[in-house]
Amino acid sequence: MSRIELKHIDKYYGDNHVLRDINLVIEDGDFMTLLGPSGCGKTTTLRVVSGLEKPQNGIMTIDGEEMINADLAYYAEPSKRGLNLVFQSYALWPHMTVKENITFGLKIQKLPKAEVEKRLMESLKMMRIEEYIDRYPNELSGGQQQRVAIARAVASNPKLLLLDEPLSNLDARLRIDMRSELQRLHRELGTTIIYVTHDQVEALTMSTKIALFKAGELSQVATPMELYMNPIDLQAADFIGNPRINFLEGTASYSGGKLRVHCELNDYEFDKADMTDEPIPDGEFPVVVAVRPEQVHVSEKAVPGGLPVTVYSNQPAGSETLVSLKAGDSDFLAKEIGLVYHELNQTVYVTIEPEKINIYDAKSTRLIKRAR
Amino acid sequence: MKRKKERRPFNKTRLKNQFLNVVTNPFNMIVAITLIILFCLIVIPLLQMIASTFTVGTRSEAREAGAAVGDFTLYYWKYILTSYLSKATLWGPLKNSLVIGFFTVVVSVPLGAILAWLIVRTDIPGKKLLGMLVVIPYMIPSWCKALSWLAVFRNKTSGALGFLAGLGIPIPDWLAYGPVAIVLCMSLHYYAFSYIQVSSALRSINSELEEMGEICGASKPQILKSITLPLVMPSLLSAVVMTLSKSIGGKGGRSTEMRLGKAKAPLMIFCVLFLFLAMVMPMFVLVMETFQVTTGNGYALSNLTLYNWIGTVDEAQKYTSYPGIFRNPEFGKAMWNTIRLTAIGSILTAFCGQFLGYISTRGRGKWYGSLTEQLVFVPYLMSGVAFSSMYVAMFSRPRLGGLIPSLYGTFALIVLTSVVKHFPFASRSGTANMMQISTELEEAADINGASFWQRMGKIVLPLAKNGFISGFMLTFISIAKELDLIIIMMDKHTQTMSYPAFTYSQEGMNQMADAISVCVLLFILVCYIIANKFGADIGKAW
Numbered sequence: 001m002s003r004i005e006l007k008h009i010d011k012y013y014g015d016n017h018v019l020r021d022i023n024l025v026i027e028d029g030d031f032m033t034l035l036g037p038s039g040c041g042k043t044t045t046l047r048v049v050s051g052l053e054k055p056q057n058g059i060m061t062i063d064g065e066e067m068i069n070a071d072l073a074y075y076a077e078p079s080k081r082g083l084n085l086v087f088q089s090y091a092l093w094p095h096m097t098v099k100e101n102i103t104f105g106l107k108i109q110k111l112p113k114a115e116v117e118k119r120l121m122e123s124l125k126m127m128r129i130e131e132y133i134d135r136y137p138n139e140l141s142g143g144q145q146q147r148v149a150i151a152r153a154v155a156s157n158p159k160l161l162l163l164d165e166p167l168s169n170l171d172a173r174l175r176i177d178m179r180s181e182l183q184r185l186h187r188e189l190g191t192t193i194i195y196v197t198h199d200q201v202e203a204l205t206m207s208t209k210i211a212l213f214k215a216g217e218l219s220q221v222a223t224p225m226e227l228y229m230n231p232i233d234l235q236a237a238d239f240i241g242n243p244r245i246n247f248l249e250g251t252a253s254y255s256g257g258k259l260r261v262h263c264e265l266n267d268y269e270f271d272k273a274d275m276t277d278e279p280i281p282d283g284e285f286p287v288v289v290a291v292r293p294e295q296v297h298v299s300e301k302a303v304p305g306g307l308p309v310t311v312y313s314n315q316p317a318g319s320e321t322l323v324s325l326k327a328g329d330s331d332f333l334a335k336e337i338g339l340v341y342h343e344l345n346q347t348v349y350v351t352i353e354p355e356k357i358n359i360y361d362a363k364s365t366r367l368i369k370r371a372r
Numbered sequence: 373m374k375r376k377k378e379r380r381p382f383n384k385t386r387l388k389n390q391f392l393n394v395v396t397n398p399f400n401m402i403v404a405i406t407l408i409i410l411f412c413l414i415v416i417p418l419l420q421m422i423a424s425t426f427t428v429g430t431r432s433e434a435r436e437a438g439a440a441v442g443d444f445t446l447y448y449w450k451y452i453l454t455s456y457l458s459k460a461t462l463w464g465p466l467k468n469s470l471v472i473g474f475f476t477v478v479v480s481v482p483l484g485a486i487l488a489w490l491i492v493r494t495d496i497p498g499k500k501l502l503g504m505l506v507v508i509p510y511m512i513p514s515w516c517k518a519l520s521w522l523a524v525f526r527n528k529t530s531g532a533l534g535f536l537a538g539l540g541i542p543i544p545d546w547l548a549y550g551p552v553a554i555v556l557c558m559s560l561h562y563y564a565f566s567y568i569q570v571s572s573a574l575r576s577i578n579s580e581l582e583e584m585g586e587i588c589g590a591s592k593p594q595i596l597k598s599i600t601l602p603l604v605m606p607s608l609l610s611a612v613v614m615t616l617s618k619s620i621g622g623k624g625g626r627s628t629e630m631r632l633g634k635a636k637a638p639l640m641i642f643c644v645l646f647l648f649l650a651m652v653m654p655m656f657v658l659v660m661e662t663f664q665v666t667t668g669n670g671y672a673l674s675n676l677t678l679y680n681w682i683g684t685v686d687e688a689q690k691y692t693s694y695p696g697i698f699r700n701p702e703f704g705k706a707m708w709n710t711i712r713l714t715a716i717g718s719i720l721t722a723f724c725g726q727f728l729g730y731i732s733t734r735g736r737g738k739w740y741g742s743l744t745e746q747l748v749f750v751p752y753l754m755s756g757v758a759f760s761s762m763y764v765a766m767f768s769r770p771r772l773g774g775l776i777p778s779l780y781g782t783f784a785l786i787v788l789t790s791v792v793k794h795f796p797f798a799s800r801s802g803t804a805n806m807m808q809i810s811t812e813l814e815e816a817a818d819i820n821g822a823s824f825w826q827r828m829g830k831i832v833l834p835l836a837k838n839g840f841i842s843g844f845m846l847t848f849i850s851i852a853k854e855l856d857l858i859i860i861m862m863d864k865h866t867q868t869m870s871y872p873a874f875t876y877s878q879e880g881m882n883q884m885a886d887a888i889s890v891c892v893l894l895f896i897l898v899c900y901i902i903a904n905k906f907g908a909d910i911g912k913a914w
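Order-wise, the sequence lines are chains A and B. Residue 372 is where the first sequence ends in this note's numbering, and the numbering goes up by one at each step. Residue 914 is where the second sequence ends in this note's numbering, and the numbering goes up by one at each step.
Because the hints were derived from the structure by calculation, they are not lab data. Heads up, the beta-carbon is just placed ideally off N, CA and C, and yes, glycines get one too. Careful, some of the hints might be misleading.
Only pairs whose alpha carbons sit at most 25 angstroms apart, straight line, appear in this in silico BS3-like list of lysine-lysine [said to hold, decoys possible]:
{"id": "1", "chain 1": "B", "residue 1": "Lys384", "chain 2": "A", "residue 2": "Lys7"}
{"id": "2", "chain 1": "A", "residue 1": "Lys99", "chain 2": "A", "residue 2": "Lys110"}
{"id": "3", "chain 1": "A", "residue 1": "Lys80", "chain 2": "B", "residue 2": "Lys384"}
{"id": "4", "chain 1": "A", "residue 1": "Lys54", "chain 2": "B", "residue 2": "Lys738"}
{"id": "5", "chain 1": "A", "residue 1": "Lys110", "chain 2": "A", "residue 2": "Lys125"}
{"id": "6", "chain 1": "A", "residue 1": "Lys110", "chain 2": "B", "residue 2": "Lys830"}
Cβ-to-Cβ under 7 angstroms is the rule here; a few derived chain B residues that face chain A [unchecked claim]:
{"id": "7", "residue": "Pro381"}
{"id": "8", "residue": "Asn389"}
{"id": "9", "residue": "Gln390"}
{"id": "10", "residue": "Ala804"}
{"id": "11", "residue": "Gln808"}
{"id": "12", "residue": "Glu812"}
{"id": "13", "residue": "Leu813"}
{"id": "14", "residue": "Ala816"}
{"id": "15", "residue": "Ile819"}
{"id": "16", "residue": "Asn820"}
So that you can see chain B by itself, here it is in the shape it has in the complex:
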């Protein structure tokens, strides 16, 4: 007998039960609330921003044509796409972005992938230490990297000499400034993504697959080319576009290290070179520069001073009206704000991320699962500045009839922006983490009478702990070094460390900007080392 899914006649009890089934299940409620929140935090601001491009603003030439504020207009689009300025305001920058993006991918993805392979798969000596060191360049804020790049390569063009120019080595402008410098600095930042992606993919590959290749007589390069590389290809590609990829699946099987043999020494040199260039040298130069009287003038005792850290204005030997950074009344505040923002922001983000990850994994294949996954990814597609200006526009006046007060200029807005902007990483990390926890473990608890909250508290959370810490560290680092995302929101009271560093640098006080960078770096490093003791491993964050 074949029966169809039938529509049943209306029945009151049935309707009541259906309603109760949905409402009394906390999971459904959580999904509903989450979707509503995501909608408010992501979809509405986005629509708002798009709508504003079609609306006449208070301060614009569009009004000259006789339109009132709030009217519909195509003026802005016409202006940006077709006016005589569009070459400078749109096409030029767009071309630059694409070129830089392209070359950054070309450099950073292979770099991260090779490092991941070396550390996960091979018998390279000092793996544990290497694994810990290799992510440190990622912790150096990108503006800090830029500063240290300048500290090394600065030449006459910008006035003060850098480290190499100071040694008398002529540095051409193309190396010191512009596309090459940008691409290399960005690569030293973004290699981390492909490193994380590929190392988690490599961990999930059963090494027997590679060993089988060896038994079949394949050489190591052949194995890499025809077995390992195709298997991690999806992850590599998704590191390129940073889409949320489905993992290759399959449980990580046995993991036998590949013997590097003769290649050990050159590869070891590669790692050391990477660490030297990406970590030791910039940090050394950065730290030393904070003690220099004149940058690029060597490290003779006569050129060393503590002025940049603790000097007072009267001691100033040169044309400066700034005291050392520790005497700057804003310093303590900025430090406190950084700590506050990083701690609150990353804890919130990590929690939300695990939660969103839980919903995405348990809702896999269902509409709400994919919807969550997609919504959460939207912030990644926007640059930090665009995202924060969207948020400023959205929350600069009261919303929901005063339920959400105006957040303009508040610390809360900075936290909120940081949290939502980091949803993509955090929920990615949460998803990876929740995938490890089989639904059967929850079902077993369900049958034993545990309620939804008991299951969360006693089964899911304890099992998610390690992944949580790793995911937490990932967002912690990104928030701590954030500049462009929040710079437009900061004022005297809400500024974080990035802000004074940026202003010092703008005003040519390179040594003081460096000193601030060193403080931020120290803060991140100390937290990282502590988290590492608690089992955080950024390589396992996804």
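Next comes chain A alone, as it looks inside the complex:
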């Protein structure tokens, strides 16, 4: 139950500037995911929050209480921040049993014996690992170790739970199971969670909010839906979504409250209401038209508003079919639900709802027209 605020956090390793002016507010009860490719600073941010790293600049508060004030060289100790951390490696103490691992912190806090026992059983039960209570970590599978690591973190009743790529060492199936369990855990505990991952599916499926990192900077903080629908720049758009978003080159001009866009697929006109606050260049300027593959509707028969394109390849994969299409020199991908078969080089007709399209300024790479 806590609200975390990071203000102007800078972190250097020597001359290497790994966190650049991070400003982030995590509301009470949020499931905030720090998302980005490896080396972008997300784990460092998590370690700064936990107190294992000391940033050179900036302030951090938890529930209004200052935990970091770099100007005053004040850094609260990790254990005084009311949080707990699940490491990517789990960091279970190999010389302690599951029980000893979980109760270690509680005993350090000198909690009464009954309370220690109660918390131990609760967290074991929550993670469904009661039967492993007397095992040593190396007698457990990766998935079980993972649960112990989470149980250990949860047992201390943290106001804030930090998770550093906890699922990255698990196999694909276990990962899906754990995703839903983490989601339930968040609901049951009501704790604020900060979750680090490079896996966008994890981010999109579990979070209430996502902070997208790029080379030590925060590029966008938004709900999963918003991040998916309106990535703030071309890189974010490219990173989020699988299969990749389609980029089509085009030109645009803005006058009289209307944005007119031309690309090889079609010409569009958008209203000012759909536009972002980004500055618009004068005259005609290059843009990138971005369309999610699932927004491209393919029809074998001519339909009103349908644009004729040719089928380049067709990949039915059971639950969905990916169709590569060519319009002039531009190629793009359509995703259809279920099994669909098109002939190669066949002419099909595509329709795209203009309100679902994103337009980016090719030069600044920023989003200028939002999708609805």
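Could you slot chain B onto chain A? The hints should help.
Chain B in isolation, oriented as in the chain A frame:
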């Protein structure tokens, strides 16, 4: 927005917090104290020694030129480098040292490496036993090896006959004495370093790398040559120069044994031969010699006696005025001193080593980490005699304004010298040990509210236990068999077993010197076997 690391204006709270951050963190304090201690124990004596080479001493010809004691002089350097004696005092011995050093490396490094490979990597039979036996030659003190070498090869030149000469086999002088004997004896001592180095390197190599070579169709010699050898090369090289090497990195992966196939028998013979030559024969001859009336005269009943152990002077059959070693009043004292020195010294050294290792690993890449690593290595670069004379000079009068009293002639000085001299091995072992303990394990405890001391006590120490015992055993053995390091410090009250052995041998009482060696050897072996039960494995000490 790009921001620079900025200099902030002066701020009292900031300064106070910065100070508190440093001071309230026990780790910082420990690093500071350690560096100060290392500075006092290593840097200052070293500087002192260097300075003394430029200072006129009390008893020297330099004074004749009219200089007063304590004046600056280049006399000693001139004397050693350019005088007509320098050939005998510097260049000759230097050449001998280099030649012997070179050939010892040539023999001992491959020997240790092959043994390590056989025991870590192959399916040679009786691995466990072999692994335990193979380090025993290292436990035989080098002077003891020299004695047993003489016991086997001694010829007419030295008067008493050795084992082989006694059998009527003519032994040439070049084999019995001099460079060949020195190189071989030293190799039987130093093979242990390359054995330890290489076996820890081999353990860290994933055997899949070798298996991949096999899948690609490489033969076993090819795999050894083009995969295994390059991978352990850094360790081999560092065994040669004994520098603190960075480990090859990577976690030890699967470890599948290499099948030796047809090579099994010859390699097994190699091991047995090694053990026979380096362990069984010298020990047998050594032990037997203690019962002989005349060395080299065979083992006929008429030539056997218990005199050397328990005889009294009146029973003496030959020209000797010494009673058996158990009747020597100094024996008990020397035994007690050996036990005392070894126990105190090796426990202290092992603890310091783990500590120094902790600082080096946690400070890796930071200035204090590399500084510690380098300082700690200095004692290795000095010979035992040089190191101890440096310490005698340093501590023969009160230091730090009487805070450290004069330690001249005390047991404490011997302990201190032994401890510091063994820092390199001990901290090497400590570093290897601490590398196994991931920092995240400590961080997890930190987040759970454990203080620095709680983390040390409940996480680091328990996890470091096995490595600690192995590292402890390593220093234990070296201290127990130490002679040249501490010989100049010993007197009647502080002598250890090495000392009477040495004096007996000097006076031609070979059998009694041998008897003392046997006692030392027994002591080390018993301790080794006990430590082995507690999980010590010298092969894993680094």
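Hints and how they fare:
1. Our distance criterion of 25 angstroms between C-alpha atoms is met by Lys384(B) and Lys7(A), whose separation comes to about 22 angstroms.
2. For the hint pairing Lys99(A) with Lys110(A), the CA-to-CA distance comes to about 16 angstroms; that is within 25 angstroms, so the pair holds.
3. Distance hint between Lys80(A) and Lys384(B) is fulfilled; the C-alpha atoms sit about 24 angstroms from each other, no more than 25 angstroms.
4. A hinted pair counts as satisfied when its Cα atoms are at most 25 angstroms apart, and Lys54(A) with Lys738(B) qualifies at roughly 16 angstroms.
5. For a cut-off of 25 angstroms, the pair hint linking Lys110(A) to Lys125(A) stands: about 22 angstroms separates their Cα positions.
6. Straight-line distance between C-alpha atoms of Lys110(A) and Lys830(B) comes to about 15 angstroms, which keeps the hinted pair within the 25 angstroms bound.
7. Hint status for Pro381(B): violated, given a least beta-carbon distance of 10 angstroms to chain A, over 7 angstroms.
8. A hinted interface residue such as Asn389(B) counts as satisfied when its beta carbon comes closer than 7 angstroms to some beta carbon of chain A; here the least separation is about 4 angstroms, so the hint holds.
9. Taking 7 angstroms as the C-beta cut-off, the interface hint given for Gln390(B) holds, the closest approach to chain A being about 4 angstroms.
10. Look at Ala804(B): its Cβ only gets to about 17 angstroms from chain A, farther than 7 angstroms, so that hint breaks.
11. Evaluation of the Gln808(B) hint against chain A yields a violated restraint, the C-beta minimum of about 10 angstroms exceeding 7 angstroms.
12. The beta carbon of Glu812(B) is positioned within 7 angstroms of a beta carbon in chain A (closest approach about 4 angstroms), and the interface hint is therefore held.
13. At a threshold of 7 angstroms, the smallest CB-CB gap from Leu813(B) to chain A is about 5 angstroms, leaving the interface hint in force.
14. For the restraint placing Ala816(B) at the interface with chain A, the shortest Cβ-Cβ distance is roughly 4 angstroms, inside the 7 angstroms limit, so the hint holds.
15. For Ile819(B), the shortest C-beta to C-beta distance to chain A is roughly 5 angstroms, which falls under 7 angstroms, so the interface hint holds.
16. For Asn820(B), the suggested interface contact is upheld, since its CB lies about 3 angstroms from the closest CB of chain A, less than 7 angstroms.
In the structure shown, a violation is registered for the earlier hints numbered 7, 10, 11, in ascending order.
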